[in-house]
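J.: All chains, please: the whole structure from these sequences, using the hints.
From first to last, the protein sequence lines stand for chains B and C. Positions in the first sequence are counted from 1; adding 18 to them yields this note's numbering. Positions in the second sequence are counted from 1; adding 104 to them yields this note's numbering.
Simulated from the structure, these hints should not be mistaken for laboratory data. Note that this is a predicted model, so its numbers are computed, not measured. Ideal Cβ positions, reconstructed from N, Cα and C, are used throughout, including at glycine. You may find that some hints are simply not true.
As the list claims (entries may be wrong) - A few chain C residues that face chain B, going by a derived Cβ cut-off under 10 Å, partial list only:
hint	residue
1	R197
2	S210
3	I227
4	V364
To be verified - If you anchor each label on the Cβ, the simulated ranges turn out as follows:
hint	chain 1	residue 1	chain 2	residue 2	range
5	B	K200	C	H259	16 to 22 Å
6	C	D320	B	G152	49 to 55 Å
7	B	R221	C	Y123	27 to 33 Å
8	C	Y123	B	L131	31 to 37 Å
9	B	L131	C	D320	44 to 50 Å
10	C	T190	B	L203	19 to 25 Å
11	C	E252	B	I149	48 to 54 Å
12	B	R221	C	G147	32 to 38 Å
13	C	S262	B	R148	42 to 48 Å
14	C	L193	B	F41	36 to 42 Å
15	C	E359	B	R148	50 to 56 Å
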Amino acid sequence: MTLKLNPASTPVEPRAQNRQLTFSYRFLRRPAFRVGATLAVLLLVLAVVIPPIVGYDPYSVDPSVRLSPPSFTHLYGTDDFGRDLFSRTNGGFQVSLMIGASVAISSAILGTLLGALAGYYRAVDAIIMRICDGLMAFPGILLAMALVASLGSSLVNVIIALVIVLTPGIARLIRSRVLAIKEELFIEAMRSQGASSLRILLRHILPNTLNVLLVQVAYIFADSIMVEAALSFLGAGVAPPTPSLGNILYDGKQVFLTSPWMVIFPSLMLIVMVMVVNFFGDAVREALDPKASRRRWTQRSKSVWLGRFSNV
Amino acid sequence: MNRSKAGPLLDVKDLVKVYGSRRSGRQNGYVAVDTVSFDIERGRTFGLVGESGSGKSTIGRAVLRLIELTSGEVRINGTNIGRLSTRELRRARQEMQMVFQDPYSSLNPRVRVGSTIREAMRICGKTRTSGHNGELNELLLKVGLTPEFANRYPHELSGGQLQRIAIARAMSVSPSLVVLDEPTSALDVSVQKGILKLLTDIQIEHNVSYLFISHDIAVVRAMSDVIGVMKAGKLVETGAAEQVLDNPQHEYTKELLTAVPKLPGESAALAFSAPE
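T.: Written out as C-alpha cells, the structure reads:
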C-alpha cells in the first residue's frame, strides 16, 4: 500500500517517559515525604536498631526497681512491674506497626474486592453496600470493642476486628471510583473490542482506582494504630503481657501523677508514628494530584490531623 | 477473511431505541431512534449526517450492540446480533469495530498505546506469541506513525496521533465494518484531512465498510458512497451521496445544506473534496 500521509507531525522526542516514573519522582520530592521519611528512619533506629544493643527484655520483671524514673540504665524508666519501659515501648511500636500493616493490607484487598464487585455488578451492589452501611452505622471503636469482646482479646482478633471496621470505608471508596470509571469512553471502547467483563475490570478499571486506594491505605494504617491503642487502653485490645502502646498507657494512667513517664513515652511514640504515616499519605496524595499546592496542603493536613485524633 | 455471502454486510431494519422507558412498554421514554432502516455494502461507506441529538451516535452504538435495542434488528453478515449470547456477541464484535469522537478519552490513560493495540489483537486471539511485534509495527506504520510510538502513553500524544492509534486498534483485528463516530470532529482541520485520507486508503486496501457518523456535511461528502440524513431520530432521506447533496429531496436536507457556512467569494463551502 502506498501511503504518503503527513507522517505524525511531531517526531518522537525523548520525554519524561511514563506516568509511573513521574509519579515516584514527584512522590520522592514531596516535602511531606521527606519529613515523613526522616522521622521514619529515626523511629526505626530508635525502636528496632537500638533495643538489641541496650539489651533489655520487655518481659523481665524486677520488683526492686518498680516505677523508677528515666535514668541511664532505664532510658524511659520502668513500669509498675519493674519492666524496662524503653524496651516495652519499642515492643509496643513493633506490635502497632504489625497491626497497622496487616490491617492496611487486608482491608485494602478485601475492600477493593468488595468495592469492585459492588461497583461493577449492579445486582450485588445493593447487598454489599447495605452491609457496609450497617457496619459503618456503628462508631468504629465501639464495633471493634464488641468484636474483640466476642472473639477474645488476642493480636489476631484485634486485627480481624479492625479489618471488619475499616473495610467498608475502602469498599465504598473503590465502588465510587469503579462506578465513575465504568462510564469512561475507553471502557466502552474496550467493550466494543469484545473484551470480557473480567478483563475490563481487572486490567482497565482496577489499575485506575489504585491512586485513591494508595492514599486511603496510608490513612487506614494510621487509623488502625490509633484504634488499636484505644482498644488496648480500654482493655479490649492486645492482652498483656504482650506490650502494646495502648496497654502501657492503660497501666500508666493509674500512676500518671507520680510516674508520668509511663504515659509520656508511649504517647510520644504513638504521635510520631501516626504523624509519619500521615505524612506518607499526604505525599502520595500530593504526588498524584499535580494541582495540590503548598497552601492547600497545610489546610488539608490540619483537618486531617484534627480528624485523625478526634475520631478515636 | 471475506466470508462472501449474498446481501449487504450490515443490514439495519426498523431500529428503535427509546431511552428512559422500561421494557414493560411505557410510552413516556425519549425516542432517540425511530424506525430506522438502512444497509451498507461491503467496502462501502454509509455517511450518517444530522444535527446534535438526532440519534446518529445512538445508531452507531446500537449497531455494535453497545446499547440494547428497543426493537428492530441489526444483521451483520446475515447474523442478527440482537440474538447472540454474551459470548457470541464478544466474538461477533471483532467483525465490527468502532472509532470514537474523542481520542483522548477512548484510550486507557495508564496503558501504553502499543499495549492497547496488542491487547485488541490478543482479545480476538490473533496473537499467539511470535511475530506480533512485527504486526504492531506494521500497523503503526500503516496509520502514519512510527514503531517508537508504541511505548508512549496517551497523554504524550496529540489528538491526531491518538486518533491514528484508535484507528490502528480498530484495524488490528481486521474487521469488516468500522463505525466511525465523528472521528475527526475533535481535531483541527489540517489533522482532519490526514485522518480522512488514512481512512480512505485503509478502505481501499482492506475492503472494509464504514458507518461514518458526522455532523459535518463536507466531511461526509468526501467520505461517503451513500448518505443518510437524520432528524429527530428519523432517517429522513437516504441515497447516493451526490444525489442527496446535489439534489436534496427532503426539506430538512435542504435546510442542512444551506446552513453550511460559506466564506465570501466562495461558491459553496462544500468544496471540501475527497482527499487526494
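J.: Each hint needs a verdict: does it hold in this structure or not?
T.: To see whether the hints hold, each was checked on the structure:
1. R197: With a minimum Cβ separation of about 4 Å from chain B (threshold 10 Å), the hint on C:R197 holds.
2. S210: Holds, because the Cβ-Cβ distance from C:S210 to chain B comes to roughly 5 Å (cut-off 10 Å).
3. I227: holds, 5 Å
4. V364: violated, 26 Å
5. B:K200 with C:H259: 16 to 22 Å: holds, 21 Å
6. C:D320 with B:G152: 49 to 55 Å: The hint (49 to 55 Å, Cβ to Cβ) holds, given that C:D320 and B:G152 are roughly 54 Å apart.
7. B:R221 with C:Y123: 27 to 33 Å: Given a distance of about 30 Å, which is inside 27 to 33 Å, the answer is holds.
8. C:Y123 with B:L131: 31 to 37 Å: holds, 33 Å
9. B:L131 with C:D320: 44 to 50 Å: Since the Cβ atoms of B:L131 and C:D320 sit about 46 Å apart, the hinted range of 44 to 50 Å holds.
10. C:T190 with B:L203: 19 to 25 Å: holds, 21 Å
11. C:E252 with B:I149: 48 to 54 Å: holds, 50 Å
12. B:R221 with C:G147: 32 to 38 Å: holds, 34 Å
13. C:S262 with B:R148: 42 to 48 Å: holds, 47 Å
14. C:L193 with B:F41: 36 to 42 Å: holds, 37 Å
15. C:E359 with B:R148: 50 to 56 Å: 53 Å Cβ-Cβ, so the 50 to 56 Å window holds.
Hint 4 from the list above is the single one not met by this structure.
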